[in-house]
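Asker: Each chain, written out:
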Amino acid sequence: MDILEQIRPAEGFPSGGAQTGIYHYDRLDREFLAARIATFREQVERRLSGALTEQEFKPLRLMNGLYLQLHAYMLRVAIPYGILSSTQLRKLAHVGRTYDRGYGHFTTRQNIQFNWIALEQTPDILAELAEVDIHAIQTSGNCIRNVTTDQFAGAAADELIDPRVYAEILRQWSTDHPEFAFLPRKFKIALTGSPQDRAAIKLHDIGVLTTRNAEGIPGFTIYVGGGLGRTPVIGVKIRDWLPAQDLLRYMEAILRVYNASGRRDNLYKARIKILVRETGAAKFAELVEREFASLSGERFALPQAVVDTIHARFGAPQFETLPAQSGAFDAAVAADADFARWTRTNLHPHRVPGYASATISLKPIGGIPGDATADQMDLVADLADRFSFGEIRVAHEQNLVLAHVRRDDLYELWQKLRQPGIETPNIGLVTDIIACPGLDYCDLANARSIPIAQAISARFADLARQHEIGELHLNISGCINACAHHHVGHIGILGVDKHGSEAYQITLGGAANEQAALGQLLGAAVPAEAVPDLIERVVALYLDRRMPGERFIDCFRRLGMAVFKEAARG
Amino acid sequence: MSLSVITASRLRDGAIVWLTDGQTWSTRFAEALCLAEDAVAQGLEAAHAAERAQLVVGAYQVAVGETPSGVLPVSVRERIRATGPSVRPDFAYARAGE
Amino acid sequence: MVETRPQVIDATGRAIDNGWTQLADAAPLPAAGGVILPLARLLATAEAVLPVRLGVLLAPGDAPDAVAALLHRLGVVAVSFPKFRDGRGFTQARSLREHFGYGGEIRAVGHVLPDQFLSLLRCGVSTVELAEGQDPAVWRSVLALRGGLDTRPVAERPLPLLRRLAAPIGIE
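Protein chains in written order, with the working numbering: chain A, 1 to 570; chain B, 1 to 98; chain C, 1 to 172.
One thing to keep in mind: the hints can contain errors.
[To be verified] Calculated pairs, DSS-like style, for lysine-lysine (alpha carbon to alpha carbon, straight line, at most 25 Å):
1) K83/C x K188/A
2) K283/A x K237/A
3) K186/A x K237/A
4) K83/C x K269/A
If you are wondering where the hints come from, they were derived from the structure by calculation, not from laboratory data. None of the values given here were measured: they were computed from a predicted structure.
Next comes chain A alone, as it looks inside the complex (with noise of 0.2 Å):
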């Protein structure tokens, strides 16, 4: 029998020049996804037949990114760095609209969840997304998650290399990797493509960050050890420069030493982070650096050759040559005020002259951070299908990008971006903020994130004021675990349970970038109608004490907590 009878690529998937940006797959990745399908199909009819206990039935439906939540089964979709075309956007919307509540939620590690998911549809499920090449293995489970990148990969003006490149190389490796899906734990791989860090390499198991050695070649540097949850740590640097063609062969390395020798006698205890931190960060990396030197060279090499049939299956844009500037751009920005607003946070810098990377937030005044409808899903497929090359990227932030925009295009982008849950020009500002589903969702919360976040959202409407205060990361996480990356936000709240009622603590000065850094604690827990006003004297006192130009992190790191602390308490 031949398996691919089972699942059919839609109908014009993908469809040559206008999917470029994604990796395109062939026959024998399409035969191990229909394979996995297949066998998950068996299982949860064993299940629903009794023949499987939901113990057993448990990891099973897990390597398939299912989850029991607080209302439902919770599907979590991988989205390959980031990536997708408006081909797989489009039949997420429906996903979304077919079996779930009409939409889905895009989190902090590029993926999208969907809330409202019956087990009984799951295989179903599984079997569309697998007709435009998407899946949810490796999404839960103590083995390799989906790699993340800079969402600006393939894009950035000040990009080294192309990071889309490495990390489909890293999902590659890791898919179904036979030796490592039974780690201690979870294990997280960030990249990024320039030595400009958009992926808080530092938080992540291993952090590749792209750098040029001292004769100017880019390679690797490697971190390792970094993380949020319980224990959060920033990672150490084990390697200063690899040579890019070896970064399997060191992967497989770290991998090696954690599978063999990190703790598995506490839960807590299990991630890389410990390992590192209990070995010494240079004995692990001289264990690392033995295993690597046992590995053969010439099998784990990355030929060039390799490398480069792996990007031409992204397919490139034909970008036009264009001016830098561009006229009808700027008399827009001289024309409409509202419009310039937005290009003032909304617009990142593209490698190529006459393009613009456009960021569309999902962070509406008093909405839900990074949910999107399934319209808005579809819309945002349109427009990418009419202004940036048919592919869309999803940020660790929570907002979706189109990476490669004409300048001259983007006023009447911005256009067709004018209505309710997608306009807002908020970018890098205090009400773009990363929150985690929270107790309204989440089995595993102490207390509400979406509420908090809308309150301060509502709080900080005023656009002027948001553009006033500037760079300004606010992040909320609804448990200890970390989901929103409350640490390293500029500002991070935390929801606690105390006494049986949600509270919540504040932190100040975290950041996500190469500065990465943990926020310190303002003071005891509050409640939740009391975070607002705090939030408020914050900044205020901020807005009071700054210099001309000075961001709030800076102001933060010149003041000192002390300061703020006085403020706080009002």
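Got chain A sorted already, so can you dock chains B and C onto it with the hints?
Answerer: Same frame as chain A, now just chains B and C:
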């Protein structure tokens, strides 16, 4: 005297359900059977039987109390389960016409 | 004493003759046959000339390096799984094959699931000791569903990435 109800997730679709009597489960919290302390063990026994029959998973007892809006679970978490996400009350099972 | 040996399957999921007895630390050596000894006991007895064939049981925390010098004398290396979620045995098996070039039988023992069969084989495991009541047919059915997966041990085939590149570029 403290009162409890029994809850679980329905196996086939994950819906939150409440034990209404020894046999049946409802997605409406209002239909949950309130049990006195001495009746909880029997309720849980019925729930575990439903687990073995592949009807529900993860059954447990939830403390409830009298509030101005009627009987509701005591903890925030269980109130959210009973009444839907606080940010999307329209998604509560009882209101979604389940 | 009637000895009941656990059922063992080979890489195709078929039951095979289990020619090995697992011995605890203090149990007396039989007069003949094959025995699988815990690592410490093997190291203590390895110098002796024995009438039995030797194998070793590696606990999950044992480093394969410890038996490297003895591998040529071993008929089987058993890697053990105290629970299926403890994946150290996968790394041990790969180390044995790749670092030490061990070509003999590697047997998975303990708590392993049929759903792990492919990964075990790909890491170099060649036989699996089944728990009581496990049906070899279920293990074979996993193989039947493997799709395009290459079940040869990792050491004997290129990385998945390179294997995939053997396929024509583009979409069929």
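Asker: State for each hint whether it applies.
Answerer: For each hint, the structure was consulted:
no. : hint            : verdict
1   : K83/C x K188/A  : holds, 23 Å
2   : K283/A x K237/A : holds, 12 Å
3   : K186/A x K237/A : holds, 20 Å
4   : K83/C x K269/A  : holds, 18 Å
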